[in-house]
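Chains as they are written, first to last, in the working numbering: chain Z, 10 to 127; chain W, 16 to 126.
No wet-lab data here; the hints were simulated from the structure.
Please read all numbers here as calculations on a predicted model, not as lab measurements.
Treat the hints with care, since some could be wrong.
Derived CB-CB ranges, DEER-like [unchecked claim]:
no., chain 1, residue 1, chain 2, residue 2, range
1, Z, H94, W, R28, 36 to 46 Å
2, Z, S14, W, P126, 26 to 36 Å
3, Z, Q51, W, R28, 25 to 35 Å
4, W, P54, Z, S14, 15 to 25 Å
5, Z, W19, W, D84, 38 to 48 Å
6, Z, S27, W, P54, 40 to 50 Å
7, W, F65, Z, K75, 31 to 41 Å
8, W, D69, Z, S92, 49 to 59 Å
9, Z, T127, W, Q72, 46 to 56 Å
Just so you know, even glycine gets a beta-carbon here, dropped at the ideal spot from N, CA and C.
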Amino acid sequence: GAVVSQHPSWVICKSGTSVKIECRSLDFQATTMFWYRQFPKQSLMLMATSNEGSKATYEQGVEKDKFLINHASLTLSTLTVTSAHPEDSSFYICSARSGQGGDNSPLHFGNGTRLTVT
Amino acid sequence: GEDVEQSLFLSVREGDSSVINCTYTDSSSTYLYWYKQEPGAGLQLLTYIFSNMDMKQDQRLTVLLNKKDKHLSLRIADTQTGDSAIYFCATHSGGYQKVTFGIGTKLQVIP
Numbered sequence: 010g011a012v013v014s015q016h017p018s019w020v021i022c023k024s025g026t027s028v029k030i031e032c033r034s035l036d037f038q039a040t041t042m043f044w045y046r047q048f049p050k051q052s053l054m055l056m057a058t059s060n061e062g063s064k065a066t067y068e069q070g071v072e073k074d075k076f077l078i079n080h081a082s083l084t085l086s087t088l089t090v091t092s093a094h095p096e097d098s099s100f101y102i103c104s105a106r107s108g109q110g111g112d113n114s115p116l117h118f119g120n121g122t123r124l125t126v127t
Numbered sequence: 016g017e018d019v020e021q022s023l024f025l026s027v028r029e030g031d032s033s034v035i036n037c038t039y040t041d042s043s044s045t046y047l048y049w050y051k052q053e054p055g056a057g058l059q060l061l062t063y064i065f066s067n068m069d070m071k072q073d074q075r076l077t078v079l080l081n082k083k084d085k086h087l088s089l090r091i092a093d094t095q096t097g098d099s100a101i102y103f104c105a106t107h108s109g110g111y112q113k114v115t116f117g118i119g120t121k122l123q124v125i126p
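Looking at chain Z on its own, in the form it has when it is part of the complex (with noise of 0.2 Å):
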């Protein structure tokens, strides 16, 4: 089945410094990528939409230049989290439909990356 990786699995990072994670569709193409947010105990929130060659779509209440998001490529997004605050801290997860079925198609998730900053 489609595979999505992310990378790092987790990160400690200190208060001011940057952070850039990566999302990889290993064996299909996204045109789309999805960020989301989760913190301890509660659902998913979804930051932003992004989009191959073009600009991400962040949701209300997400502060674009704070995360920076990057779809360079047909398999890759990053997503930079920039002057990382401790309230920054969670567990960021991304996602990608396969394409078959085109937008009805079932998200797949990458295993997530675990951000502290301290």
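Dock chain W against chain Z, hints included.
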């Protein structure tokens, strides 16, 4: 906006059946999903059902959909300790990019 609700916790004994329930508000939902999340991991797609179906069975998993009541359930037969995880219900309206997730039901399987 759309809303998906699930109970937070379910505890069953190994070998019994588990039934996880979900209700949703978006009547235009065309696809309904069940995802499994193990500790520290991402989401794994377990199964999904189209809104024009009432039931879907896949090995130990049975999904029932009551579209009139906007109620979705996931039944796991012969529940094993490896089934312990959080199960998310999600809905998706055709043509829209956004998928709405429930809060997740934590399934605890007691040996």
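Hints, verified against the model:
1. Z/H94 to W/R28: 36 to 46 Å: holds (44 Å)
2. Z/S14 to W/P126: 26 to 36 Å: holds (33 Å)
3. Z/Q51 to W/R28: 25 to 35 Å: About 28 Å separates the Cβ atoms of Z/Q51 and W/R28, which means 25 to 35 Å holds.
4. W/P54 to Z/S14: 15 to 25 Å: holds (19 Å)
5. Z/W19 to W/D84: 38 to 48 Å: Because 41 Å falls inside the window, the suggested range holds.
6. Z/S27 to W/P54: 40 to 50 Å: violated (28 Å)
7. W/F65 to Z/K75: 31 to 41 Å: holds (38 Å)
8. W/D69 to Z/S92: 49 to 59 Å: holds (51 Å)
9. Z/T127 to W/Q72: 46 to 56 Å: holds (48 Å)
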